[in-house]
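Enquirer: Place chain B on chain A using the hints.
2 protein chains.
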Amino acid sequence: MKSKLLITCLLLTGAATATFAQEPVDTAMIRKIRQEGLNNSKVMETAFYLTDVSGPRLAGSPGLKRAQNWAVSQLTKWGLVNAKNEPWGKFGKGWEVQKNYAAITVPYYHALIAIPKAWTPGTNGAIKSEVILIKADTITDLDKYKGKLQGKVVIFDTKNTLKPGFEADAERYADSSLNKMAAEKPQARRTPNANNMQNPRMVAALKARALRNAINAFLKDENVGLILSMARGTDGTVFTTNGASYADTAKVVALELETSGEDYLRIVRLLKAGQKVEIEADIKTEFFTADLQGYNVVAEIPGTDKKLKEQVVMLGGHLDSWHAATGATDNAAGSAVMMEAVRILKAVGFKPKRTIRIALWSSEEQGLHGSRNYVLNHFGDPKTMQLKPEQGKVSAYYNLDNGTGKIRGIYLQGDSAAGPVFSAWLAPFKDLGANTLTISNTGGTDHLAFDAVGIPGFQFIQDPLEYGTRTHHTNQDTYDRLIEDDLKQAATIVASFVYHTAQRKDMIPRKEQPKPQGTN
Amino acid sequence: MKSKLLITCLLLTGAATATFAQEPVDTAMIRKIRQEGLNNSKVMETAFYLTDVSGPRLAGSPGLKRAQNWAVSQLTKWGLVNAKNEPWGKFGKGWEVQKNYAAITVPYYHALIAIPKAWTPGTNGAIKSEVILIKADTITDLDKYKGKLQGKVVIFDTKNTLKPGFEADAERYADSSLNKMAAEKPQARRTPNANNMQNPRMVAALKARALRNAINAFLKDENVGLILSMARGTDGTVFTTNGASYADTAKVVALELETSGEDYLRIVRLLKAGQKVEIEADIKTEFFTADLQGYNVVAEIPGTDKKLKEQVVMLGGHLDSWHAATGATDNAAGSAVMMEAVRILKAVGFKPKRTIRIALWSSEEQGLHGSRNYVLNHFGDPKTMQLKPEQGKVSAYYNLDNGTGKIRGIYLQGDSAAGPVFSAWLAPFKDLGANTLTISNTGGTDHLAFDAVGIPGFQFIQDPLEYGTRTHHTNQDTYDRLIEDDLKQAATIVASFVYHTAQRKDMIPRKEQPKPQGTN
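Chains A and B supply the protein sequences, listed in that same order. Using UniProt numbering, you'd call the opening residue of the first sequence number 1 and step up by one each time. Using UniProt numbering, you'd call the opening residue of the second sequence number 1 and step up by one each time.
Same shape as in the complex, but just chain A (with noise of 0.2 Å):
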C-alpha cells in the first residue's frame, strides 16, 4: 500500500520529488516521543476528568466550565505557559438538565429513555396528562387541536420504523477506503450551500423544519405541557439536538423530549389504536445568564528561537459536546489527544523555536463559534479577508475531532504543496497503521475556521469506530467508547507532527488564498 501511496503524492504534488526526499525527520525525537506517548501515556486519565468528572459539556453550562478550568489548571501543571480561558465573545444562555423522568402510567407503567432538547423549559414540577396524537401535514391542520391542548402531552404521527442491526456499528477503514481517499482529485474549497435549493431533498427537509416550527409555535401559544419527539437512535441510544435558541433574547419554546424509538413508536402505535396513553414527567432544566461569553482554553509552549519564536503551531479541537452524555468521542478524545500530545512534548524536555500553541474550542457544536471567533480577533475576517499580521506567522492548525479513532493519515484540505512533508512524517508511523494521504477536504470541525483564512487547517484522518452510529451526540457517548490504544497512538503522532511543524526551516506551505465571500 505504501508504494501505491508514494505514487499518488507525486501526482498529486507534480515536482515534488526532491521536496520529499529532503524533508527532514528527526528520529531520535520520534523514539523519544513514541516511548513517552506509548509507554507512560496519561491520556486516559485526561479524558476521565474531562468526561467523567466534568460531566456534560454544552456550550456555556457548568459542565464545560468544569472541564475548561480543569484544563487551564492541568496544562498549567505540565508546564504550559499562558494558560487561560480566553473569551472569544457573546455566545448567549447556558443550560443544563437538573431533573430527567418521563414514564407513561397508562396503559401500564413504563419509564421512557427520553431527553430534553437542548435550551428547553422544565415542566415546573411534576406533571401528568393523558398524550395527544398530533396529525398535521399542513399548518392548517391544527386547526381542529385548538383550545384542546393545554398542559397536554403531544407526539407527532409519523411513519418512521426501526430497523434490525444487520450492521456492525464499529469499524475501522479497510485499505481499500484508505486507498480510495489516497486518489480522490483536489476539491474547491467549499463556498456556502448556493445550489442546495436546487436539491429536491434539502427542499423537503426545509419544508418539513418550516412546518414543525410552526407546529411548535402554535403548540406553545397553546400551552401544552410537554412534546414527544422522535429520536435518530435504537436499542437505548438516543441522538440529541437543541430544541430552542441559546441567544439571550430568545422566546421561551414548548418543552421537548427526544424520545427513543423504542418508546417513541409504542405510544403512536397504542394511540393510533385508540388505546388511551398517560404520562408523568417530571423535567427540570436550568438557564445560566450570569456570563454570556463564551470561552476557549488557550496554552503555550513558548518558541526559543530569537527570529521563529514570534511564529505559532496550533493544535486543537473543540472541548465542548452536547448535553445527554460526557461526549467522550465528541469530543473530550479530540482534547485529550491534544493534551496528551503538549504533555508529551513537555515530558520529552522539548525546547520548540517556534511557539506551540494549544486551543480547545467552545460551542463548536453550535457552529464552530470558538474558533471562528478566535480567528476573527487574533487572524483575520474571513467575509473579507481583511487580515491580521497574526495570520502570516500561524505556520499550521491540526485539529482532531472525529471520535476514538486512531490516526489513519490526514486530510490535504487541498494543500498539495505540504502533501510531501506530511507524506515524511506520516512514515515512521506506517507500523501504527497511519500511512494515507488525501488531497481532499474534510469539514464539519474546526479546521475550517483556519482554512477560512488562508492559514493551512488539517484535520487527521481517523479510523469512524461507533462514531457515526452510536456515539457522536447521543446519550451514550461516554468514556466507555474510547480505546486506549488509539487515543495513545493518536497523542504520539500529534505530538511528532507539532514538534516538526516547530522545528521545520520554513512555515508549511500555503495553498491559494481564498477571496473575499462574493468575490468569486
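Keep in mind the hints are simulated off the structure, nothing from the lab. Among the clues, some could well be false.
Given that identical chains are not distinguished, each listed pair holds provided it fits within a single copy or across any two copies.
SDA-like, lysine to any residue: derived pairs with alpha carbons at most 20 Å apart [stated by the list, open to error]:
1. Lys77 <-> Ile215
2. Lys276 <-> Tyr49
3. Lys163 <-> Pro186
4. Lys163 <-> Gly468
5. Lys77 <-> Ala136
6. Lys185 <-> Tyr109
7. Lys128 <-> Lys284
8. Lys276 <-> Asn69
9. Lys128 <-> Asn223
10. Lys307 <-> Lys351
11. Lys251 <-> Pro389
12. Lys152 <-> Gly274
13. Lys163 <-> Glu45
14. Lys430 <-> Ser176
15. Lys272 <-> Glu484
16. Lys42 <-> Leu270
17. Lys148 <-> Gln275
18. Lys272 <-> Val53
19. Lys276 <-> Pro62
20. Lys306 <-> Pro389
21. Lys276 <-> Val53
22. Lys159 <-> Glu45
23. Lys383 <-> Ala188
24. Lys152 <-> Pro121
25. Lys84 <-> Lys251
26. Lys65 <-> Gln275
As the structure is a prediction and not an experimental result, all values here were calculated from the model.
Expert: Then chain B, alone, in the frame of chain A:
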C-alpha cells in the same frame, strides 16, 4: 443444498426411503394456508395486543393476566372452543414496577438507565444518598463496612469493561450454518447436569454466585437503601434478571437496580478516583398475592374424526416475559405466531380429524413451570415415568420461542423417524427459506416438558436476528423488533405442520421413551 439435505436424512433414518417417498402432502390445502397466512395475516395485530397493549408480562403480573385474558377472548372470537386460563398449580407472587427513577446528582446530574431486578422491593418514597463502593473478594472483606451502610446506595467494584460493536447485532443463518446443523449426529437426551461440577468455569460461577448471595444478605441486614449491579448489555440496552424468589414465603431482599454498563462503570470510576457520587432514586414495585396460581391459556379446534378426535396435536409457546419491556421476541413472537397458525386453520375452514390444542404457557422464564406442570397434570411425571392415558394420545407438540426470526427448519430432538415426515412437510416451503432438518436437540424452552415424558416435542429452527445480542430479556424487547414477513412465514409453516399432523394416518413416530430418573 436440498440434495445434501436428503442424503443426510436418509443416512439418519436408515431404511426410511419408502416412508419418505410416501409421506403425503396436501398441496391444495397448503395453497390455501399460504394465501391466508401470507396475504391476510393478523399476526402483527395479535403481536400488538400481546406487547404494546398488554405491557410487560412477567409471571404472575397484571400484564400477563391482561395478555392471557385477551388471548382467551381472541381465540374464542376466531372460533376456537374451550378457551380458558387453565390453572396449573401454585406459582407464587406477582410483581410489577410502578415507578422507576434513579439519577446521579453529584458530581452533576445524570439520569440512569437502570431497571429493578424482578421481585425486589421499592425505595418506599424518594431517597437520596451517597454511593459506597464495595470491594469484597471474600465474605470477611465485608467486615470493614459493618454499621456504615444504613440507607446508603452501594455499588461493587468490577473489572468489566464495554467493547465496541465490531459485529452486527442481527444475522440470519448462512447456508453453511444450516448445512452444519443438518449434518449433526444424534445426541443423548439431556440429563440433569451431573458433570457440571467438573467444569472449572461452572465451579467459579457458582462460587461467585454464593459470594454475591452472602454479600446481598449482609447488605440486607445492614439496611442498605439500594444496590446497583452491572447489567449485561451496552448502548442503553439492559439485560434483566430476577433479584429474589417469587415464592410467597420468600424473605424480603434489598432493592437492586440492574444498571446499564455505561452508567455503572462511570460511577465505579468516579468512586475509585476518590470522587463523591450521590444518587437520588424513587422506585415503587408492587407484589400481588391474592392469587398465587399459575395459568396457561388453552384453546382447541375439536377433532371431527370419530376415531381420531381423541388424539391431539398441540402447539404453543410461552406468553410470559421479563419485565423491562414488552417481551416482543421473547416470546410474544412465538405466541402470536401460534395464535395466527390456528387463526389461519379456522379461516381456511379446516375441520381437523384430530383435535388441535394451542397452549400459551406461563412462568417459562422461571423454569418452564407452565408447560412442565401442564404435562404433569395431563400426561405424566418425568421423574417416575408414571404416565396417564392422555400421554399416548398426543401426536406431537410444536413450540416457537427463538425470537422473531423466520423458520429455517426443525430440530428433530433425536426423533429420527420423524425426519422423513417433516422433510416432506417442509419441502413446499423451500421457497420461504425453510428446508433444514437437524437430528440435534435444542433446549431452553417448553418442548422439553413434552420430550421429558416421551411425547414428541419440537422447536423450529429460527433465524437468530438480534435475539441473543439485543432483545431477549432486555429493556429493548419491544414490538419494533418484530419482523412482519418472518412472523407471517412462521405462522404459515406452523399451520401447515399442524394441519398435516392432524390429518396424518398415524401419529408422529416416537423415539425411545425416557427412563425414570435415576434408572439410567
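Enquirer: For each hint, tell me whether it holds in the structure or not.
Expert: Comparing the hints with the structure gives:
1. In the homo-oligomer, the alpha carbons of Lys77 and Ile215 never lie at most 20 Å apart, since the shortest distance is 52 Å inside one protomer and 42 Å across protomers.
2. Taking identical chains as interchangeable, the C-alpha atoms of Lys276 and Tyr49 lie at most 20 Å apart only when they sit on different chains, with a minimum of 14 Å there against 46 Å within one chain.
3. When the C-alpha separation of Lys163 and Pro186 is checked against a cutoff of 20 Å, the pair qualifies neither within a copy, at 37 Å, nor between copies, at 37 Å.
4. In the homo-oligomer, the alpha carbons of Lys163 and Gly468 lie at most 20 Å apart both inside one protomer (16 Å) and across protomers (16 Å), since each shortest distance falls under that limit.
5. In this assembly of identical chains, the alpha carbons of Lys77 and Ala136 never lie at most 20 Å apart, being 58 Å within a copy and 36 Å across copies at closest.
6. In this homomeric assembly, Lys185 and Tyr109 never come within 20 Å of each other (Cα to Cα): the closest approach is 57 Å inside a single copy and 48 Å across copies.
7. Taking the shortest alpha-carbon separations for Lys128 and Lys284, both the intra-copy value of 15 Å and the inter-copy value of 17 Å come in at or below 20 Å.
8. Taking the shortest alpha-carbon separations for Lys276 and Asn69, only the inter-copy value of 19 Å comes in at or below 20 Å, while the best intra-copy value is 49 Å.
9. Taking identical chains as interchangeable, the C-alpha atoms of Lys128 and Asn223 lie at most 20 Å apart only when both belong to the same chain, with a minimum of 14 Å there against 33 Å between chains.
10. For the homomeric pair Lys307 and Lys351, the shortest alpha-carbon distance inside one copy (14 Å) is at most 20 Å, but the shortest distance between copies (99 Å) is not.
11. Proximity of Lys251 and Pro389 under a CA criterion of 20 Å is satisfied in neither setting, with 40 Å inside one chain copy and 78 Å between copies.
12. In this assembly of identical chains, Lys152 and Gly274 lie within 20 Å of each other by CA distance solely inside one copy; the values are 17 Å within and 44 Å between copies.
13. Proximity of Lys163 and Glu45 under a CA criterion of 20 Å is satisfied inter-copy only: 19 Å between copies versus 37 Å inside one chain copy.
14. In the homo-oligomer, the alpha carbons of Lys430 and Ser176 lie at most 20 Å apart inside one protomer (16 Å), although the nearest pairing across protomers, at 37 Å, exceeds that limit.
15. Taking the shortest Cα distances, Lys272 and Glu484 sit within 20 Å of each other only across copies (18 Å), while inside one copy they are farther apart (47 Å).
16. Proximity of Lys42 to Leu270 under the C-alpha cut-off of 20 Å is restricted to the inter-copy arrangement: shortest distance 17 Å between copies versus 51 Å within a copy.
17. In this homomeric assembly, Lys148 and Gln275 come within 20 Å of each other (Cα to Cα) only inside a single copy, at 18 Å, whereas the closest approach across copies is 48 Å.
18. Taking the shortest Cα distances, Lys272 and Val53 sit within 20 Å of each other only across copies (12 Å), while inside one copy they are farther apart (44 Å).
19. Proximity of Lys276 to Pro62 under the C-alpha cut-off of 20 Å is restricted to the inter-copy arrangement: shortest distance 17 Å between copies versus 40 Å within a copy.
20. For the homomeric pair Lys306 and Pro389, the shortest alpha-carbon distance inside one copy (18 Å) is at most 20 Å, but the shortest distance between copies (103 Å) is not.
21. Taking identical chains as interchangeable, the C-alpha atoms of Lys276 and Val53 lie at most 20 Å apart only when they sit on different chains, with a minimum of 10 Å there against 42 Å within one chain.
22. Only between protomers do Lys159 and Glu45 lie at most 20 Å apart by alpha-carbon distance; the minimum there is 17 Å, versus 44 Å within a single protomer.
23. For the identical chains of this complex, Lys383 and Ala188 are intra-copy neighbours only, at 17 Å inside a copy versus 79 Å across copies, given an alpha-carbon limit of 20 Å.
24. With identical chains, the CA atoms of Lys152 and Pro121 are at most 20 Å apart within one copy only, with a shortest distance of 15 Å there and 32 Å across copies.
25. Proximity of Lys84 and Lys251 under a CA criterion of 20 Å is satisfied in neither setting, with 33 Å inside one chain copy and 58 Å between copies.
26. For the identical chains of this complex, Lys65 and Gln275 are inter-copy neighbours only, at 18 Å across copies versus 46 Å inside a copy, given an alpha-carbon limit of 20 Å.
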